[in-house]
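Chemist: Got chain A sorted already, so can you dock chain B onto it with the hints?
Residues per chain are reported as follows:
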Amino acid sequence: MTQLDHGKFSKMTTTFHTLLALDVFVLFFSGYSLMFNDELWWMVGLMGGASGVSAVHRVAGGGLLALIVFWMLMMVTTDTGRGNFREILPSKGDFDAFIQDVQFLLGNVDERHPNARQFAGGTADEIPLLTYIGKGVVFIFAAELTLLSISGVLIWSKTGVISLLATKTAAAAFVTFHGLLGVIMLMGVIFHIFEHGFHPALYPVEVKAFIPRSMIPEEHDDSTEGTGIERLELAPSWNMASTVVGAMAVIGIVSVLLGSLFDEGYPVPRELAIGGGPTDVLLTVGINMGVFVLLLGLVLQMYGNLLRVRWQKQLEQEASEPTAAADGGRVESDD
Amino acid sequence: MSYREHLPETEGYPRAAIAINAVIAIAVTALILWWASEFAVFYENLFRIQPVAEGANAGVGSDWTSGNQIAWLDFLIAITHAADVLMGVFILFMMFLHWGAFRRLAARMRQPGDSGSSAVAADGGRVDDEASAGTDGDTAADGGERA
Chain A
1 MTQLDHGKFS KMTTTFHTLL ALDVFVLFFS GYSLMFNDEL WWMVGLMGGA
51 SGVSAVHRVA GGGLLALIVF WMLMMVTTDT GRGNFREILP SKGDFDAFIQ
101 DVQFLLGNVD ERHPNARQFA GGTADEIPLL TYIGKGVVFI FAAELTLLSI
151 SGVLIWSKTG VISLLATKTA AAAFVTFHGL LGVIMLMGVI FHIFEHGFHP
201 ALYPVEVKAF IPRSMIPEEH DDSTEGTGIE RLELAPSWNM ASTVVGAMAV
251 IGIVSVLLGS LFDEGYPVPR ELAIGGGPTD VLLTVGINMG VFVLLLGLVL
301 QMYGNLLRVR WQKQLEQEAS EPTAAADGGR VESDD
Chain B
1 MSYREHLPET EGYPRAAIAI NAVIAIAVTA LILWWASEFA VFYENLFRIQ
51 PVAEGANAGV GSDWTSGNQI AWLDFLIAIT HAADVLMGVF ILFMMFLHWG
101 AFRRLAARMR QPGDSGSSAV AADGGRVDDE ASAGTDGDTA ADGGERA
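Residue numbers (the UniProt record's numbering), protein chains in the order written: chain A, 1 to 335; chain B, 1 to 147.
Keep in mind that the hints were calculated from the coordinates and are not lab data. Built from N, CA and C at the ideal position, the CB exists for glycine as well. You may find that some hints are simply not true.
[Claimed, not checked] Simulated DEER-style distance windows between Cβ atoms:
1. B:Val85 to A:Ile150: 39 to 47 Å
2. B:Ile79 to A:Arg270: 17 to 25 Å
3. B:Leu86 to A:Leu46: 29 to 37 Å
4. A:Leu261 to B:Trp72: 30 to 38 Å
Just chain A, same shape as in the assembly (with noise of 0.2 Å):
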């Protein structure tokens, strides 16, 4: 079986991880314009001060819980599903993968592992469905929307976790909490965003995660071995992209996780805490440039459902226009 080494995932697959994204971007936008208030203060006043935040998150919350249980009910009720989940399961070659990918940026070896490969070159026997990083992705975006839920369900109403846990303050403990959670999830997507867009031989957008396997052709040419990356161009402006949005992925990261660590809500301190200075100068420009990482993300992606239109169309087009050449032979696209 020959099968291209993108375009893997099912129609339901890619329109889910749409509204996931999309979903997952409007709570990281207004639940993060409250946890870190004083950085993202504009971002508070454009979703209608803290009012308009908190309705905006717990639509988008309601939102992903209808997401969540969806999915769950697919991947437990259908056969796909059930497939499906025996693919993500970790394997020793993930493993390995990991260690590979270490020797390769040292250079003592030259390839990526299979279950590495972003842009594979090889068939669908050797290329697992997901990477060793795509596998992780899954496990802990999957392990945080959950305790997210539980936690977001929990601080719905204040006097619920009041009544459960009798004061105000155990109710900010559990807001805390959920905030906490949610930094990982966000360090993890602004990682992913850079993973998926700025792979130089995929740059600006990994297609596998829009287009769905039923638009890509089964066959393709494949008779020079290895991944055949020597022969695609580099796009030029992928040097400074990739520079300047790996250097605010890495300083967005830093910023949250720092943020997170200095907006102690539990605790709940005695005196309020005034902010100011040159730290917080830094610290509002980093956290800033994790938020940017992110829209570029939500525009990344829209992005890829462009292409998927596109893409559709020109299938189209050419399942309406004979292309066979004169002497019967195939006619090779100019790309």
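Modeler: This is chain B only, laid out in the frame that chain A set:
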């Protein structure tokens, strides 16, 4: 003629399952949120002073103080801070790992404006540049395939 005729039959998810599960998911969500907001009937209680707390610190605001001293909640927050730091460091490591790997992969690709491979061979085919010929000398001398 639909473009789908040229494309493979791939095993996706049954439409009925998607529709039924979507309806169930929305129903379950509505149920969870209804259950969660059920607690909120007496919202005004939140802002009432509760001077009836017992113990050494009894008095106005004592529930605030006692709620601020729940050890397991403090521990839960500390654990989450630790998890944030651990995962943050790990994610930063993965970030640099991929950044470096991407730079190495980019160096292998044809550089922008590299016109070497646009040459046309005598038979009209395209000349592959040195990349497929193997710059690192891994093509066997007898023209056979490398192991």
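Chemist: Confirm or reject each hint.
Modeler: Results for each hint:
Our hint of 39 to 47 Å for Val85 of chain B and Ile150 of chain A is violated, since their Cβ atoms are close to 22 Å apart. Taking 17 to 25 Å as the suggested C-beta distance range, the pair Ile79 of chain B and Arg270 of chain A conforms, at roughly 24 Å. For Leu86 of chain B and Leu46 of chain A, the Cβ-Cβ distance of about 33 Å falls inside the hinted range of 29 to 37 Å, so the restraint holds. For Leu261 of chain A and Trp72 of chain B, the hinted distance range of 30 to 38 Å is not satisfied, since their beta carbons lie about 21 Å from each other.
Checked against the numbered hints given earlier, this structure breaks hints 1, 4; the rest are met.
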